[in-house]
Amino acid sequence: MSQYILRRLLQLIPVFFGTTFLIYALVWAVPGDPFAGKCGQVACPPAYVEMMTAKFNLDDSIFVQYFKYLGNLFTGDWGETFNGVSVGELIGNAYPVTVRLALIAVAIEAIIGLSAGILTGLRGKGFLDNLVLMSTTFLISVPVFVTAIVLQIILGSELGIIDASVSEDATVGELIVPGIALGSLSMAYIARLTRTSIAENRHADYVRTAVAKGQPRSRVVGVHLLRNSVIPVLTFIGTDIGALMGGAIVTEGVFNINGIGGLIFRGIQNREGATVTGVVVLLVMVYLLVSLTVDLLYAVLDPRIRYD
Amino acid sequence: MRASRGFWGATAVVATAALLLTACGGGGSKEDKGSGAADANAAVSVYGTEPENTLIPANTNELGGSKALKPVFSALIGYKSDTAEPYNLMAESITTTDSKVFDIKIKKGWKFHDGTEVKAKNFVDAWNYSANGKNGMQNASFFEQIQGYDEISVKEPAVKEMSGLKVVGDHEFQVTLKGPFSVFATKIGYLAFAPLPDKFFADPEAFAKAPIGNGPLKFVSRTPNQNMKLTRYDEYQGEDKVKFKDLEVRIYTSQETAYQDLLSNRLDFMEALPPAAKAGGKYKTDLGERLVEGNLLGISALAIPYYVPGYNNLDLRKAISLAIDREQIVKTVMNDTYSPADGYVSRGIEGYRPGVCEFCKFDPVKAKEFWAKSGYTGKLTIASNADGGRKEPLVAACNSIKNALGVECDFVPATDFGQWRSIVNGRQLTGMGRSDWSADYPSIENYLNPRYKSTGSSNDSTYNSPAVDALLQQADQTADKAAAIKLYQQAEDLIAKDLPQIPVWEEKGVGGKSNRLKVAKLDFGRLADYSSIEVAAK
Numbered sequence: 001m002s003q004y005i006l007r008r009l010l011q012l013i014p015v016f017f018g019t020t021f022l023i024y025a026l027v028w029a030v031p032g033d034p035f036a037g038k039c040g041q042v043a044c045p046p047a048y049v050e051m052m053t054a055k056f057n058l059d060d061s062i063f064v065q066y067f068k069y070l071g072n073l074f075t076g077d078w079g080e081t082f083n084g085v086s087v088g089e090l091i092g093n094a095y096p097v098t099v100r101l102a103l104i105a106v107a108i109e110a111i112i113g114l115s116a117g118i119l120t121g122l123r124g125k126g127f128l129d130n131l132v133l134m135s136t137t138f139l140i141s142v143p144v145f146v147t148a149i150v151l152q153i154i155l156g157s158e159l160g161i162i163d164a165s166v167s168e169d170a171t172v173g174e175l176i177v178p179g180i181a182l183g184s185l186s187m188a189y190i191a192r193l194t195r196t197s198i199a200e201n202r203h204a205d206y207v208r209t210a211v212a213k214g215q216p217r218s219r220v221v222g223v224h225l226l227r228n229s230v231i232p233v234l235t236f237i238g239t240d241i242g243a244l245m246g247g248a249i250v251t252e253g254v255f256n257i258n259g260i261g262g263l264i265f266r267g268i269q270n271r272e273g274a275t276v277t278g279v280v281v282l283l284v285m286v287y288l289l290v291s292l293t294v295d296l297l298y299a300v301l302d303p304r305i306r307y308d
Numbered sequence: 001m002r003a004s005r006g007f008w009g010a011t012a013v014v015a016t017a018a019l020l021l022t023a024c025g026g027g028g029s030k031e032d033k034g035s036g037a038a039d040a041n042a043a044v045s046v047y048g049t050e051p052e053n054t055l056i057p058a059n060t061n062e063l064g065g066s067k068a069l070k071p072v073f074s075a076l077i078g079y080k081s082d083t084a085e086p087y088n089l090m091a092e093s094i095t096t097t098d099s100k101v102f103d104i105k106i107k108k109g110w111k112f113h114d115g116t117e118v119k120a121k122n123f124v125d126a127w128n129y130s131a132n133g134k135n136g137m138q139n140a141s142f143f144e145q146i147q148g149y150d151e152i153s154v155k156e157p158a159v160k161e162m163s164g165l166k167v168v169g170d171h172e173f174q175v176t177l178k179g180p181f182s183v184f185a186t187k188i189g190y191l192a193f194a195p196l197p198d199k200f201f202a203d204p205e206a207f208a209k210a211p212i213g214n215g216p217l218k219f220v221s222r223t224p225n226q227n228m229k230l231t232r233y234d235e236y237q238g239e240d241k242v243k244f245k246d247l248e249v250r251i252y253t254s255q256e257t258a259y260q261d262l263l264s265n266r267l268d269f270m271e272a273l274p275p276a277a278k279a280g281g282k283y284k285t286d287l288g289e290r291l292v293e294g295n296l297l298g299i300s301a302l303a304i305p306y307y308v309p310g311y312n313n314l315d316l317r318k319a320i321s322l323a324i325d326r327e328q329i330v331k332t333v334m335n336d337t338y339s340p341a342d343g344y345v346s347r348g349i350e351g352y353r354p355g356v357c358e359f360c361k362f363d364p365v366k367a368k369e370f371w372a373k374s375g376y377t378g379k380l381t382i383a384s385n386a387d388g389g390r391k392e393p394l395v396a397a398c399n400s401i402k403n404a405l406g407v408e409c410d411f412v413p414a415t416d417f418g419q420w421r422s423i424v425n426g427r428q429l430t431g432m433g434r435s436d437w438s439a440d441y442p443s444i445e446n447y448l449n450p451r452y453k454s455t456g457s458s459n460d461s462t463y464n465s466p467a468v469d470a471l472l473q474q475a476d477q478t479a480d481k482a483a484a485i486k487l488y489q490q491a492e493d494l495i496a497k498d499l500p501q502i503p504v505w506e507e508k509g510v511g512g513k514s515n516r517l518k519v520a521k522l523d524f525g526r527l528a529d530y531s532s533i534e535v536a537a538k
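Top line first, the protein sequences correspond to chains G and X. Counting with the UniProt record's numbering, you get residues 1 to 308 for the letters of the first sequence. Counting with the UniProt record's numbering, you get residues 1 to 538 for the letters of the second sequence.
Only chain G is shown next, with the shape it has when bound in the complex (with noise of 0.2 Å):
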């Protein structure tokens, strides 16, 4: 086990290496030049060009410049935006945002998804089983955005109950509906995934075993069915972590949220090639952190599952 989560760990690097580097070219290697809006409808006066220019080394070849970004990335320097704030403040201002909504999204659609999943997948084909089904197909067809915004205008606008956009502390209160748009999609597969898997699993063997030992129902359903059911679920989530840290670009823009998904928005919108690979780099690092929580979950669920 121990060896599994060395060679994991020792995974990251080629890893780190190859998407810091894909980002990195990506932003600062499209063709064009960085400084031709910055100025208005007048072109930049060559000493401002010039200095920029040599601040963000941009007259070395990408590979020189990637490796100088390295360089101060491993002494703790995530680099400077052109407006020159630091991307590492930036990054500390907006993680624990970003987290708290990827969270309470993680906590609705799981709570909510997994419920529906369970109560459906046990019960079979009926009303409420059609309900789910309507209502999970609906919400999957739903772009977020479309989800964010109307959320927004008919509870925010329209009635009032919420307001338009999260405020500067983006207290938990305040980040529940944003939540709702941002675990909407998901909570619709974490559902039909749950009620797909209970539903075949309910007749597997072992659970004919426990109820013929006499097991009472909960136990059954609590500990047999849902350990096994619950394996396909949890791997949706982890992903799903992942992608709710730095995915959340659409929500966190229609909720003014200051989060991870907006700064990588501006940082593209701009040519910010500093903020989009600081950021890119820690979501890889914490994509990674979650697949592999997420793979040794699975042994301790399921004792089959092992890694030697």
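By construction, these hints were calculated from the structure, which means they are not laboratory data. Mixed in with the good hints there might be a few duds.
[Unchecked claim] Pairs of lysine-lysine residues, derived as DSS-like cross-links and limited to a Cα-Cα distance of at most 30 Å, are as follows:
hint : chain 1 : residue 1 : chain 2 : residue 2
1    : X       : K368      : X       : K391
2    : X       : K245      : X       : K107
3    : X       : K497      : X       : K245
4    : X       : K508      : G       : K68
5    : X       : K199      : G       : K55
6    : X       : K331      : X       : K366
7    : X       : K111      : X       : K80
8    : X       : K80       : X       : K521
9    : X       : K361      : X       : K373
10   : G       : K55       : X       : K361
11   : G       : K55       : X       : K373
12   : X       : K508      : X       : K229
13   : G       : K55       : X       : K391
14   : X       : K209      : X       : K538
15   : X       : K209      : G       : K68
16   : X       : K229      : X       : K80
17   : X       : K278      : X       : K80
18   : X       : K402      : X       : K331
19   : G       : K55       : X       : K209
20   : X       : K379      : X       : K366
21   : X       : K134      : X       : K100
22   : X       : K155      : G       : K55
23   : X       : K121      : X       : K111
24   : X       : K121      : G       : K68
25   : X       : K105      : X       : K80
26   : X       : K245      : X       : K111
27   : X       : K331      : X       : K278
[Said to hold, decoys possible] Label-pair distances were calculated between CB atoms; the ranges are:
hint : chain 1 : residue 1 : chain 2 : residue 2 : range
28   : G       : A299      : X       : G388      : 45 to 55 Å
29   : X       : T455      : G       : S291      : 58 to 68 Å
30   : G       : G124      : X       : G388      : 37 to 47 Å
31   : G       : S291      : X       : G310      : 53 to 63 Å
32   : G       : L58       : X       : G388      : 25 to 35 Å
33   : X       : E293      : G       : P46       : 53 to 63 Å
34   : X       : E293      : G       : L234      : 31 to 41 Å
35   : G       : A299      : X       : D286      : 52 to 62 Å
36   : X       : A279      : G       : G173      : 25 to 35 Å
37   : X       : T455      : G       : M285      : 46 to 56 Å
38   : G       : I268      : X       : Y307      : 31 to 41 Å
39   : G       : G173      : X       : G388      : 27 to 37 Å
40   : G       : P46       : X       : L494      : 27 to 37 Å
Where a beta carbon is used, it is the ideal one built from N, C-alpha and C, also for glycine.
Fit chain X to the given chain G structure using the hints.
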């Protein structure tokens, strides 16, 4: 069992409902209407975007940064928000006999927010720093008329000071220009000409994080991507004092969200409206009397580059201009947020005359005649960045041309403003291109020199007319303001004959305010006129 399953279903529903309900934070809009006095201790929030550059006056020229910096710094002159007319703000007097040497006296007793007095040398030092090529300031070229600019603006300047700047006393300094430039006294109200305290020169980088100015509001704090907070500077002596206490420039990722906040009175001021609100004139019913209309100093035109084969053809340019139905496009596509342009200068600028551009009317019959005369064949194109609502009016212009002339006309999009400007600056246009201009300071000169002088910094159509150049130069050198304006107008007349750019429309400037604000005006540079804002007392 059945009963317990029913119970489960019910809990799920209740749980969801509870989640939704807990979300009701501090919402609820208050419908307080100001009955009388203004609340001098109120806080005001305005829509903002992340500054593009460091927060140093000479390095700030876009809206995001200007919103926070402009009220922090007071320049020598200010501009009245209604008329854009310049008045002495920090300056006691600005005198010149030849428009070449300006003697500037500043008011005594003004202080920076750190308590040090504003002296003449704070202006001179600031201008020298800003023009110095070593410091790479974006607005360095604003100082180009000053004697010695050419020596200091290079990358490794041998001098540290411009020879044209001389401190005469604590409250007096002298500016010598390279040659007479009559508009200089109007120009120095621009943010780049603000004074900087001694603290700045010790550590410019730290200063950019917490600027210290001499304006009506002082800097409190900034959270990148979140907000900038300012508060009233109580010892401020200028006439543009503010009538509220705290200002928050709240940064939004999307205009739509800000607009939702504005409608529910969580945000107090927006100087622009999102395209969704403009569509179908929705903003008029949304905002009602909360609509704020301004008088922006800017003009939209189509540049017809002389370097594109076939386009160097006066009849063609006349035909195109006459084929655009400005009135209708402004009304139907832009929902009255613009008005048709009829010259090269904005309305409201001293020296503006209606109808200077005789071919800026819609006249399909005449257009056809000129089109036939031009002998041009092939299709026409209009290029522009397609974001931010730029595309729709230009597509409409194309359609108008298509209908009037019976020629193919296509809109050619560029992905963003950066890419767009690199095409224009690189002289790579293959047809007409959008060429919008916002004046930096309210003067007829600022509409003509940068755009139509052969060496102009924003001469997108590569127009080159020795007669126009000569007139502009002569106007620059004319000390008498009225006489100078006459000369600028003569230049404008010549430009209107050559039609290097086709003026299309002028932006009115349409914003909105919350119902907390009794008064809020929009200034000519599309910023809230902070000194006009009054919050209704509760």
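To see whether the hints hold, each was checked on the structure:
1. With a C-alpha separation of about 25 Å, the suggested pair X/K368 and X/K391 falls inside the 30 Å cut-off, and the hint holds.
2. Only pairs whose Cα atoms come within 30 Å are accepted, and X/K245 paired with X/K107 is accepted, the gap being roughly 25 Å.
3. For the suggested pair X/K497 and X/K245, the alpha carbons sit about 52 Å apart, so the restraint of at most 30 Å is broken.
4. For the proposed pair X/K508 and G/K68, the alpha carbon gap of about 48 Å is over 30 Å, so the pair is violated.
5. Of the pairs offered as hints, the one joining X/K199 and G/K55 holds, with about 24 Å between alpha carbons and a cut-off of 30 Å not exceeded.
6. Between X/K331 and X/K366 the alpha-carbon distance is near 23 Å, which keeps this suggested pair within the 30 Å criterion.
7. The hinted pair formed by X/K111 and X/K80 meets the criterion: a straight-line CA distance of about 22 Å does not exceed 30 Å.
8. Restraint check for X/K80 and X/K521: satisfied, since their Cα atoms lie roughly 11 Å apart, inside the 30 Å limit.
9. A threshold of 30 Å between alpha carbons decides the hint, and for X/K361 with X/K373 the separation of about 19 Å falls inside it, so the pair holds.
10. Proximity of G/K55 to X/K361 is assessed by CA-CA distance (about 50 Å); at most 30 Å being required, the pair is judged violated.
11. As the CA atoms of G/K55 and X/K373 are separated by approximately 54 Å, the hinted pair breaks the 30 Å bound.
12. Distance check on the hinted pair: X/K508 and X/K229 sit about 28 Å apart at the alpha-carbon level, within 30 Å; holds.
13. Proposed proximity of G/K55 and X/K391 is contradicted: the alpha carbons are some 35 Å apart, above 30 Å.
14. Restraint check for X/K209 and X/K538: not satisfied, since their Cα atoms lie roughly 35 Å apart, outside the 30 Å limit.
15. For the proposed pair X/K209 and G/K68, the alpha carbon gap of about 25 Å is at most 30 Å, so the pair holds.
16. A distance of roughly 25 Å separates the Cα atoms of X/K229 and X/K80; the hinted pair therefore holds under the 30 Å criterion.
17. For the suggested pair X/K278 and X/K80, the alpha carbons sit about 28 Å apart, so the restraint of at most 30 Å is met.
18. This hinted pair checks out: X/K402 and X/K331 have alpha carbons roughly 19 Å apart, not beyond 30 Å.
19. A hinted pair counts as satisfied when its Cα atoms are at most 30 Å apart, and G/K55 with X/K209 qualifies at roughly 18 Å.
20. For a cut-off of 30 Å, the pair hint linking X/K379 to X/K366 stands: about 19 Å separates their Cα positions.
21. Distance hint between X/K134 and X/K100 is fulfilled; the C-alpha atoms sit about 27 Å from each other, no more than 30 Å.
22. Proposed proximity of X/K155 and G/K55 is supported: the alpha carbons are some 14 Å apart, at most 30 Å.
23. Restraint check for X/K121 and X/K111: satisfied, since their Cα atoms lie roughly 13 Å apart, inside the 30 Å limit.
24. Simply put, X/K121 and G/K68 have alpha-carbon atoms about 41 Å apart, too far for the 30 Å limit, and the pair is violated.
25. For the hint pairing X/K105 with X/K80, the CA-to-CA distance comes to about 21 Å; that is within 30 Å, so the pair holds.
26. Distance check on the hinted pair: X/K245 and X/K111 sit about 19 Å apart at the alpha-carbon level, within 30 Å; holds.
27. Distance restraint check for X/K331 and X/K278: the Cα-Cα separation of roughly 11 Å lies within the 30 Å cut-off, and the hinted pair is therefore satisfied.
28. Distance hint check for G/A299 and X/G388: the Cβ-Cβ separation is about 53 Å, which falls inside the suggested range of 45 to 55 Å.
29. Judged by the Cβ atoms, the range 58 to 68 Å given for X/T455 and G/S291 holds: they are separated by roughly 60 Å.
30. Under the hint 37 to 47 Å, the C-beta atoms of G/G124 and X/G388, about 53 Å apart, miss the expected range.
31. A hinted range of 53 to 63 Å holds for the C-beta pair G/S291 and X/G310, which are about 60 Å apart.
32. About 26 Å separates the C-beta atoms of G/L58 and X/G388, a value consistent with the hinted range of 25 to 35 Å.
33. The beta-carbon spacing between X/E293 and G/P46, approximately 39 Å, falls outside the hinted interval of 53 to 63 Å.
34. The given range of 31 to 41 Å is broken by X/E293 and G/L234, whose C-beta atoms sit roughly 57 Å from each other.
35. Remark: the range hint 52 to 62 Å for G/A299 to X/D286 is upheld by a beta-carbon distance near 57 Å.
36. Separation of X/A279 from G/G173 is about 33 Å and conforms to the stated range, judged on CB atoms against 25 to 35 Å.
37. Roughly 52 Å separates the CB atoms of X/T455 and G/M285, a value that falls within the hinted 46 to 56 Å.
38. One distance hint, 31 to 41 Å for the beta-carbon pair G/I268 and X/Y307, holds here, with the actual separation near 33 Å.
39. A beta carbon spacing of about 34 Å between G/G173 and X/G388 agrees with the range 27 to 37 Å that was offered as a hint.
40. The beta-carbon spacing between G/P46 and X/L494, approximately 31 Å, falls within the hinted interval of 27 to 37 Å.
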